[in-house]
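Visitor: Please put together the full structure from these sequences, using the hints given.
The listed protein sequences correspond, in order, to chains L and D. Count along the first sequence starting at 1, add 740, and that's the number in the numbering used here. Count along the second sequence starting at 1, add 7, and that's the number in the numbering used here.
Certain hints may be false.
[As the list claims (entries may be wrong)] Listed below are the simulated BS3-like cross-link pairs for lysine-lysine, each with C-alpha atoms no more than 25 angstroms apart in a straight line:
#, chain 1, residue 1, chain 2, residue 2
1, L, K1076, L, K917
2, L, K1310, L, K1289
3, D, K152, L, K1358
4, D, K152, L, K1297
5, D, K152, L, K1310
6, D, K72, L, K1317
7, D, K111, L, K1297
8, L, K1338, D, K152
9, L, K1034, D, K72
10, D, K152, L, K1217
11, L, K1149, L, K1358
12, L, K745, L, K760
13, L, K1317, L, K1297
14, L, K1289, L, K1317
15, D, K152, L, K831
16, L, K905, L, K793
17, D, K111, L, K1338
18, L, K1351, D, K152
19, L, K831, L, K761
[To be verified] Beta-carbon label-pair distances, calculated as ranges:
#, chain 1, residue 1, chain 2, residue 2, range
20, L, P945, D, D141, 46 to 54 angstroms
21, D, E155, L, E782, 18 to 26 angstroms
22, D, L76, L, K793, 32 to 40 angstroms
Since the hints were made in silico from the structure, they are not lab data. From the three backbone atoms N, C-alpha and C, an ideal C-beta is built for every residue, glycine too.
Chain by chain, the residues run as shown.
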Amino acid sequence: MAQLKSSAELEAFREAILNKKGTERPCITICSGTGCRAYASETVSTAFEEEIKKQGLEDTVDVKTTGCHGFCEKGPLVVILPGEICYVQVKPTDVVQIISQTIVESKIVDHLLYTDPVTGEKAVHESEIPFYKNQARLVFGNNSKIDPTNIDDYIVLGGYSALSKALFKMAPEEIIKEVKNSGLRGRGGGGFPTGRKWEECRYAPRDIKYVIVNADEGDPGAYMDRSLLEGNPHSVLEGLIIGAYAIGSHVGYIYVREEYPLAVENVFIAINQAEEYGFLGKDILGSGFDFTIKVHRGAGAFVSGESSALMTALEGRVGEPRPKYIHTVISGIWDKPSTLNNVETWANVPLIINNGADWYASIGTESSKGTKIFSLVGKVNNTGLVEVPMGTSLRDIIYNIGGGIPEGKKFKAVQTGGPSGGCIPESLIDSPVDFDELSALGSMMGSGGMIVMDEDTCMVDTARYFLDFLADESCGKCTPCREGIDQMLTILTHITEGEGQDGDIELLEEIAEVTRDASLCALGQTAANPVLSTIRYFRDEYEAHITEKRCPAGVCKALISYYIQPDKCKACLICLKNCPSGAITGGKKQIHVIDQGKCIKCGICFDVCPKRFSAVEKISGRPVPLPPPIEARTIRERKPRRKH
Amino acid sequence: MVSQIDPVAIDTIIDRYQGEEGILIQVLLDVQHEYNWLPQEALKRISDRLGIAFSEVYRVASFYKAMSLTPRGYHLIRVCLGTACHVRGAPRILDKVERAINIKAGETTQDMKFSLERVNCLGCCALGPVMVVDGEAHGNLVPAKVEEILNEYY
Chain L
741 MAQLKSSAEL EAFREAILNK KGTERPCITI CSGTGCRAYA SETVSTAFEE EIKKQGLEDT
801 VDVKTTGCHG FCEKGPLVVI LPGEICYVQV KPTDVVQIIS QTIVESKIVD HLLYTDPVTG
861 EKAVHESEIP FYKNQARLVF GNNSKIDPTN IDDYIVLGGY SALSKALFKM APEEIIKEVK
921 NSGLRGRGGG GFPTGRKWEE CRYAPRDIKY VIVNADEGDP GAYMDRSLLE GNPHSVLEGL
981 IIGAYAIGSH VGYIYVREEY PLAVENVFIA INQAEEYGFL GKDILGSGFD FTIKVHRGAG
1041 AFVSGESSAL MTALEGRVGE PRPKYIHTVI SGIWDKPSTL NNVETWANVP LIINNGADWY
1101 ASIGTESSKG TKIFSLVGKV NNTGLVEVPM GTSLRDIIYN IGGGIPEGKK FKAVQTGGPS
1161 GGCIPESLID SPVDFDELSA LGSMMGSGGM IVMDEDTCMV DTARYFLDFL ADESCGKCTP
1221 CREGIDQMLT ILTHITEGEG QDGDIELLEE IAEVTRDASL CALGQTAANP VLSTIRYFRD
1281 EYEAHITEKR CPAGVCKALI SYYIQPDKCK ACLICLKNCP SGAITGGKKQ IHVIDQGKCI
1341 KCGICFDVCP KRFSAVEKIS GRPVPLPPPI EARTIRERKP RRKH
Chain D
8 MVSQIDPVAI DTIIDRYQGE EGILIQVLLD VQHEYNWLPQ EALKRISDRL GIAFSEVYRV
68 ASFYKAMSLT PRGYHLIRVC LGTACHVRGA PRILDKVERA INIKAGETTQ DMKFSLERVN
128 CLGCCALGPV MVVDGEAHGN LVPAKVEEIL NEYY
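Guide: Below is the structure:
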């Protein structure tokens, strides 16, 4: 491939691939994001390739492994283009049938279609599935159409046209103005206006400037950046190159977590291809603009996702934050002006350049523009990545897209914003989701994790969980964060262990406020959120733990006991055989009994007791009833009536 | 502990980054991949070659989670304790694994067979709670299934 040397050459090349391709030829796309790979989607891809070879169909049908489609709940996903016939939970054994029926005979394989659990209706096309139907997939949508290792796929869909427009039709100042007017705010957590950041960096008084992609996605339960980088790396590169041109930077960095091997691999491939085509390197598209990208792998430290810490990590040092009275846009990596945005933010840029600031600003709310990708996970039916306009209500996301709570359980709270966020209760579920609304509720947008919790989730334990995470990840440089988090964790642990005291809640509030006000970086400043938001909305649960020594959700080990209800036990021996500590006595026709002294409260008996018996009960806040006396433990079955 | 560190292999890794700045973390990650841990001799060699004080190399190596200063076991078990897995019962999975192989998270069994790590999100939340052994994901776990899975690796 010769380098493309002008805007016209890029357009001619795009035309050429479009003509060569032909749109009528069927293409089987198989989701190969990390989620589907965990469901063994690779064996499905291989099965398709082998079957197509076997049937001699290589020239009539294409197979494409794509990035994450987002509907992880139903993986592996297979979509057949151009008709967008969508098959869910496809196994290698289904492949022969798909080829012989759908590809050869144009028939639908009924049992592989998505079935609505409520109405029982089947959906043939991806767009008819409620999970997809209620989304606006502006940034994430192309993932399912692109083989991330093939730049041509991106170009066919209009890829790099925004770059060409920016380089040849816009002055750097105009680009910055456009991004400012679009209202785009950072998708990584802070929500800082992107255009302002760019502007400050452009006018910072140094010659050398850097642009950085923060792909050190660390919030547990959030994986949209990973999926974008894995599935559509060129959209991020294109945004970055445009940003670099606007700011006047010639070197960019992508800092990507080492734990994301597929993202690392695909980014390297994408960079090589972009260089080969002339989108990176010297004299990009013949414009005279030079820009190169280096990839650094992050070695696993949550705090290094903070902008100043990430920049120190890029320098090869311990990734600790520094005070930011001098902004990183003035003095960042190696004391040079540096603009850092996260993956999703960069991927929004080509859209803004192509469609204009007015179009972008027409989506979303007054203060938050555009769409946002959320990872909807936890106790929700349709786990997956969801992209909606800013301002969509939590209820729409959780119920219309997410399909509600599994097993008919009751919704309790939704946690947003990662470890720095908070829990929002059911009474506020109609709140619109944008940067400011979430902050007003005591939570935050963060990078877009959305963890649904049901009645079986203990909110005190949840707060303890996040503080445990933060205690582990605090770098220890500043005292308020290091000590504040540690002390809050100690108190929370005591409460969950049944050793809470009067005054603990007030003490937690006091420490939380000091930690928030006095910490050096966002990790400590927001560490109070999980504590304060759970106290604000679920104070009764804290009180139950402290005064009644009761865990209402039945989660905190020290406050629960397992008990076999004698009238329900059918002496099936299952729990007895599975008990790892030999705490269950009984036998054939002998009601089983848990020896509370030996029980380690692992809950296995509760899990394995057949649903139709449901004999094992969790008890909290009251004494465990005494087991029936030995002589009363024999189960007398009624003799079946004899037939005459 | 005696280890076989080939200084040439370390040098080869360092030479890949010739002329670039800020490469210490990248070099350490590559050495970690090569040996599955970071032996002291390797750190010394890196310190000499890069002209960075040994204390600084050690500080970086001990700060990041992906780097291990002790040898790791033959099989690596990672139990996800991300939020989604947590609300779906991941702590009970970790408990069960710890009891099954008789070590705590962060440790390695004496026979060097297994290392156990807790991780904070593997990005496959639909499968939660999930445990990954040598890169292979085992999802929708219940504690009762843990032993059966681990037995496959003995």
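Visitor: Hey, K1317/L versus K1297/L, does the alpha-carbon distance stay inside 25 angstroms?
Guide: holds (22 angstroms)
Visitor: Within a Cα-Cα threshold of 25 angstroms, do K831/L and K761/L meet the stated pairing?
Guide: Cα-Cα ~29 angstroms, so violated.
Visitor: Hint check: K1310/L vs K1289/L, CA-CA at most 25 angstroms. Holds or violated?
Guide: Given that 25 angstroms is the threshold and the Cα spacing comes to 31 angstroms, the pair is violated.
Visitor: Under the criterion that the straight-line Cα-Cα distance not exceed 25 angstroms, is the pair K152/D, K1358/L satisfied?
Guide: Holds, at roughly 21 angstroms.
Visitor: Between the alpha carbons of K1351/L and K152/D, is the straight-line distance 25 angstroms or under?
Guide: Since the Cα atoms of K1351/L and K152/D sit roughly 18 angstroms apart, the hinted pair holds (cutoff 25 angstroms).
Visitor: Between the alpha carbons of K1149/L and K1358/L, is the straight-line distance 25 angstroms or under?
Guide: holds (16 angstroms)
Visitor: Please test the hint of 46 to 54 angstroms on the beta carbon pair from P945/L and D141/D.
Guide: holds (52 angstroms)
Visitor: Is 18 to 26 angstroms respected by the C-beta to C-beta distance linking E155/D and E782/L?
Guide: holds (24 angstroms)
Visitor: Taking only the CA atoms, is the gap from K152/D to K831/L under or equal to 25 angstroms?
Guide: holds (22 angstroms)
Visitor: Given the hinted pair K1338/L and K152/D, is their Cα-Cα distance within 25 angstroms?
Guide: Judged against 25 angstroms, a Cα distance of about 22 angstroms means the pair holds.
Visitor: Are K1289/L and K1317/L close enough, with their CA atoms no more than 25 angstroms apart?
Guide: Roughly 31 angstroms separates the two Cα atoms, so the pair is violated.
Visitor: Quick one, are K152/D and K1297/L close enough, alpha carbons at most 25 angstroms?
Guide: Since the Cα atoms of K152/D and K1297/L sit roughly 21 angstroms apart, the hinted pair holds (cutoff 25 angstroms).
Hint check: violations occur at hints 2, 6, 10, 14, 16, 19 and 22; the rest are consistent with the structure.
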